[in-house]
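2 protein chains.
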Amino acid sequence: MGDMPRIWNETIEAHRDAVREATINATAALVAKHGLTGVTMSQIAKDTGIGRATLYKYFPDVESILHAWHERQIDQHLRGLVEVRDQTAQGFPRLEAVLTAYAQAVAHRGEHDNNLGDMLHRSEHVAAAHQHLREFIQEVITGAAATGAIRQDIPADELTAYCLHALAAAATLHDPAAVHRLVQTTLAGFRTSDRE
Amino acid sequence: MGDMPRIWNETIEAHRDAVREATINATAALVAKHGLTGVTMSQIAKDTGIGRATLYKYFPDVESILHAWHERQIDQHLRGLVEVRDQTAQGFPRLEAVLTAYAQAVAHRGEHDNNLGDMLHRSEHVAAAHQHLREFIQEVITGAAATGAIRQDIPADELTAYCLHALAAAATLHDPAAVHRLVQTTLAGFRTSDRE
Chain A
1 MGDMPRIWNE
11 TIEAHRDAVR
21 EATINATAAL
31 VAKHGLTGVT
41 MSQIAKDTGI
51 GRATLYKYFP
61 DVESILHAWH
71 ERQIDQHLRG
81 LVEVRDQTAQ
91 GFPRLEAVLT
101 AYAQAVAHRG
111 EHDNNLGDML
121 HRSEHVAAAH
131 QHLREFIQEV
141 ITGAAATGAI
151 RQDIPADELT
161 AYCLHALAAA
171 ATLHDPAAVH
181 RLVQTTLAGF
191 RTSDRE
Chain B
1 MGDMPRIWNE
11 TIEAHRDAVR
21 EATINATAAL
31 VAKHGLTGVT
41 MSQIAKDTGI
51 GRATLYKYFP
61 DVESILHAWH
71 ERQIDQHLRG
81 LVEVRDQTAQ
91 GFPRLEAVLT
101 AYAQAVAHRG
111 EHDNNLGDML
121 HRSEHVAAAH
131 QHLREFIQEV
141 ITGAAATGAI
151 RQDIPADELT
161 AYCLHALAAA
171 ATLHDPAAVH
181 RLVQTTLAGF
191 RTSDRE
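As you go down the protein sequences, you meet chains A and B in turn. Residue 1 is where the first sequence starts when you use the UniProt record's numbering, and the numbers rise one by one after that. Residue 1 is where the second sequence starts when you use the UniProt record's numbering, and the numbers rise one by one after that.
Hints are computed from structural coordinates only; laboratory data are not their basis. Accuracy of the hints is not assured; some may be wrong.
Said to hold, decoys possible - Label pairs and their in silico Cβ distance ranges: (1) H132/A / D17/B: 44 to 54 Å; (2) L36/A / T11/B: 50 to 60 Å; (3) G148/B / A29/A: 48 to 58 Å; (4) D175/A / T37/B: 41 to 51 Å; (5) E135/B / H108/A: 19 to 29 Å; (6) E124/B / K33/A: 23 to 33 Å.
As the list claims (entries may be wrong) - Computed footprint of chain A on chain B; a stretch qualifies when at least three of its residues, placed anywhere within it, have a C-beta under 8 Å from a C-beta of chain A: (7) 167 to 174; (8) 178 to 189.
This structure is a prediction, so every number in the text was calculated from the model and none was measured. Ideal placement from N, C-alpha and C gives every residue a C-beta, glycine not left out.
Please put together the full structure from these sequences, using the hints given.
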């Protein structure tokens, strides 16, 4: 019987996660259908079957749900990039694979965003998530530099800013072949310059 | 006496330009001193010595003056880039000089912007000015491609999006040497890839 509290706590935790997930999913579906301004807490309560009073215990307003949604998306995105990193060989292949996955995600996001990004990108959570992304990419770049696969004359933080900005151009591209060309062009910037 | 209307019209035109310039300059100075929210039409009228009634004939509100200011800055910026283009040899040197001037302007703007950019970047005039910038850069890239100085395997519009996005990273750089390195990294992306 000594295990009861732990099991009970885990059950509560799992239940809370399920409520959060259901709320976020229902909100995402409502935004997709009605746009940002067409979503209310009452509608979310109705669609999830969660009571309004309970819903308000989890989230004070629609905006906080949207933030949680965006955080979850960034988390999933980062986890995807970590998987790509771990499945590829150290050095240039890893850098190429990670930057390709990142550019594809940016291109995909570019298609589906509609002012939502603008609003959410200002939040502190999102700023922290972007900081994680920069650190992650910088680690991959430092790793590639350590194998001698890329130029050594530019600091890793500057190469990180360069490639994240360059690949942001993917948001304007709809053709996967164009995204591939953008990644190749950006990667060419990592090669040793013969004019320096 | 047949020239009178023309001279008179030119005088009026010059006077109008002077009023517009004085208004824009005074507004820019007030924003620098008090921030965006601390600027009123009355204060602008007082600082310029232009009557309030006259001022309202030129601009309906502070925001329209700020837009005129931003347009003027973009115009000056583009004229500067055109000068750089015309003073450099066709091909890679011209591309390098123009992209360097652009990156320096972005770095300079990055230091001085304070939310003003966010507000103004949404205007139609600014969208048109950005379109001019893209067209201008694309022409320079097409010119460099025609001399065989850069890779031919990526369409010029994609190279334009690539380099304008990459050089936007200059807004986060304060060190001129770092801006130079960013331009060199970005230019390396224009060289023929040996992995394609």
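Hints versus structure:
1. H132/A / D17/B: 44 to 54 Å: 51 Å, holds
2. L36/A / T11/B: 50 to 60 Å: 52 Å, holds
3. G148/B / A29/A: 48 to 58 Å: Taking Cβ atoms as reference, G148/B and A29/A lie about 53 Å apart, which means the hint holds.
4. D175/A / T37/B: 41 to 51 Å: Holds, at about 43 Å.
5. E135/B / H108/A: 19 to 29 Å: 28 Å, holds
6. E124/B / K33/A: 23 to 33 Å: Given a distance of about 30 Å, which is inside 23 to 33 Å, the answer is holds.
7. 167 to 174: As far as the segment 167 to 174 of chain B goes, the hint holds, because 5 residues have Cβ atoms under 8 Å from chain A.
8. 178 to 189: Three-residue rule met by the segment 178 to 189 of chain B, so holds; n is 9.
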